[in-house]
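Colleague: Heads up: the protein sequence lines correspond to chains A and B, in order.
Residue numbers for the first sequence follow the numbering used here, beginning at 1 and rising by one.
Residue numbers for the second sequence follow the numbering used here, beginning at 373 and rising by one.
Just so you know, the hints here were simulated from the structure itself, not pulled from any lab data.
C-beta atoms are modelled at their ideal positions from N, C-alpha and C, and glycine is treated no differently.
Wrong hints could be hidden among the right ones.
[Claimed, not checked] Label-pair restraints from in silico Cβ distances:
{"id": "1", "chain 1": "A", "residue 1": "359", "chain 2": "B", "residue 2": "659", "range": "54 to 60 angstroms"}
{"id": "2", "chain 1": "A", "residue 1": "58", "chain 2": "B", "residue 2": "561", "range": "51 to 57 angstroms"}
{"id": "3", "chain 1": "A", "residue 1": "359", "chain 2": "B", "residue 2": "564", "range": "38 to 44 angstroms"}
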Amino acid sequence: MSDNSSGSAVAERGLEGADQTVASFDESDVGLVRRLQGFLHRFPTSIPFFVLLLGVLIFSIAAPGKFFAPFNFSLVLQQVTIIAILGVAQTLVILTAGIDLSVGAIMILCSVVMGRTAVAYGVPVEIAFPLGLIAGMACGLVNGLIVTLLRLPPFIVTLGTWSIFGALNTWYSRSETIRQQDVEDHAPFLQWTGTIVKPYDFFSKTLGLDWTFLKGWVLTYGSVVMLVLALVVWYVLNKTAFGRHVYATGDDPDAARLAGISTTKTLIGVYTFAGFICAIAAWVLIGRIGGVSPQAGQTANLDSITAVVIGGTSLFGGRGSIIGTLIGALIVGVFRNGLALSGLELLWQDFAVGVLIIVAVTIDQWIRKLST
Amino acid sequence: MLKKLLLAGAIVALSAVPVLADETIGLITKTETNPFFVKMREGAQAKAKELGITLITAAGKYDGDNDGQVAAIENLIAAGAKGFAIVPSDSKAIVPTIKKARDAGLMVIVLDTPLDPMDAATATFATDNRKAGMLIGQWAKGTLGDKAKDAKIVLLDLATNQPTVDYLRDQGFMAGFGIDVMDPNKIGDETDARICDHEISQGDQEKGRTAMENALQKCPDVNVVYTINEPAAAGAWEALKAVGKDDGSVMIVSVDGGCPGVKNVEAGVIGATSQQYPLKMAAMALEAIHSGKIPEIDPKMGFLDTGAQLVTSKPVDGVTSISVEEGLKLCWG
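Given the sequences, and given the hints that come with them, work out the whole structure.
Modeller: Have a look at this one:
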């Protein structure tokens, strides 16, 4: 006994003067690069934000007098609205480490359901519009059920439903366009998202504020819908239990299950919610083109993924944000608009967007190294 | 009793199976979804019923899907078809497969988009797209009168890779308007000061609007807009409306002649459009394959022109046109 105690005393004595810290990360000789990596890990939207600023700066110089103007900025905002909304839906799915290739097809199908029931069948818009929303949720629910019950990879499932929803769209629409005038006569509510709002007039008339910096801005209610929707989804993701479950499910589904989260319910919820958002995008699409075109938005699913990826949301799930996606959509919009105004051909716009995607994923991978 | 029921059931089931006619003819389009091809298929179906033949239809998955069309041709050869009509997605790459089909004794009629070389097919029935463009160009010039010499023109084209239909319509329009087109098979090498901007619309309503918005930033005083098709025209109109240019200060011309497009001519959205006839093309092709007789083809053209007519409510002297009412009777989609 005594030997033991004296032994431990010797051991303790042997530790005298040694570092008493139990365990910690060595941060004293961290290089600048490593610090940047850590900063980006904590604020994943900072890179897209700087890219956006850089884009604005470049094109202000490249297309003088045309690009840097409130009216042009509002155009870019209008041009990216649909993709940004689909991007919000896509973000939800990608946060769960999934992917939804069917968002564009769901959007077009919903726009046809809204337009066709209201115009061709004369159903009141009070019924036709909710029918479109229900159609969107039903499509999302189908995706969610197949992913969870059959345990198939989301990529495969939505590759299949992309084709299925597309075929339903062709069948139901008979490939016929509904003209702007017909929608206006039967269901003007469907075009409401295309209504122009001038923020300056709004604030000066209703609140009597003379905010001159708002002069020249021309928005549509579609952009307002986009912002409200993004705010709602941001709230859901950051302030509700469901939101935490979404992140947890995407980051590590096994850990999430052990923590008592029903990943099945979370996934079904996410896909259904995404389908609902696609239906909202359908409404905004009708507002933008005036009518209903079953051929519109053929590449919308890929564009939405582009916005999410450039916006810094990880394709591997669990990390990313709605704000990032909005910025991602704006980056694509700014580059396309800026390059077009600078007089470059469309192929160079595609080139630039392609480079942005690869850079974004490279940065994501690099930041990931810190957490593994 | 049970036996009788089963027997009756079997007879009903058997009679429900469509009796395959002796003669099978195929129709292969570029895609399933484009209303132009949807109507073409409907025209063929009606004709097949009338002639009492079996029609097999197929399509590529997307515009440019050559592999899908190759598979469809192979299936038709295997099915022992008498022949088929095809709208080639890739007018060069499909040629060897067409040759294989013709060697197997099938009659091949190419619709809408001629092959390269054109004589690889038994015959070609198509719209003269250059002429279709020429008609709207002449109409625009005639309508503007003296103002045509300082027009500000925006052209909403189809795609970056300039497929045949794209440059034929675009250059046809320019030639009709009196612009020196330089290379007649190339878009973008013109030096005429009246051309303000070329944009890509992908023939889509939403992208058409975006293209017009960008064009307006470059040419705020545009007064003539050429569009590759009527969906692009409808999109351009939305962009013009948003900035208050729907007051008649900007003239839009287009090509296709679909029913929504013709109605847009009636509504004053589109000034004039060149109408094409997909149903007629398909019906004529089926008839030719069925009878084995090809109508006489002008050797100079090399293909049977199924015609394009200008639809407008404001006719111009010297440019043949039909009224909106007539256009609506002939429209498709």
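Colleague: For each hint, tell me whether it holds in the structure or not.
Modeller: Cross-check of the supplied hints:
no.	hint	verdict
1	A:359 with B:659: 54 to 60 angstroms	holds (57 angstroms)
2	A:58 with B:561: 51 to 57 angstroms	violated (28 angstroms)
3	A:359 with B:564: 38 to 44 angstroms	holds (40 angstroms)
The earlier numbered hint that this structure contradicts is number 2, and it is the only one.
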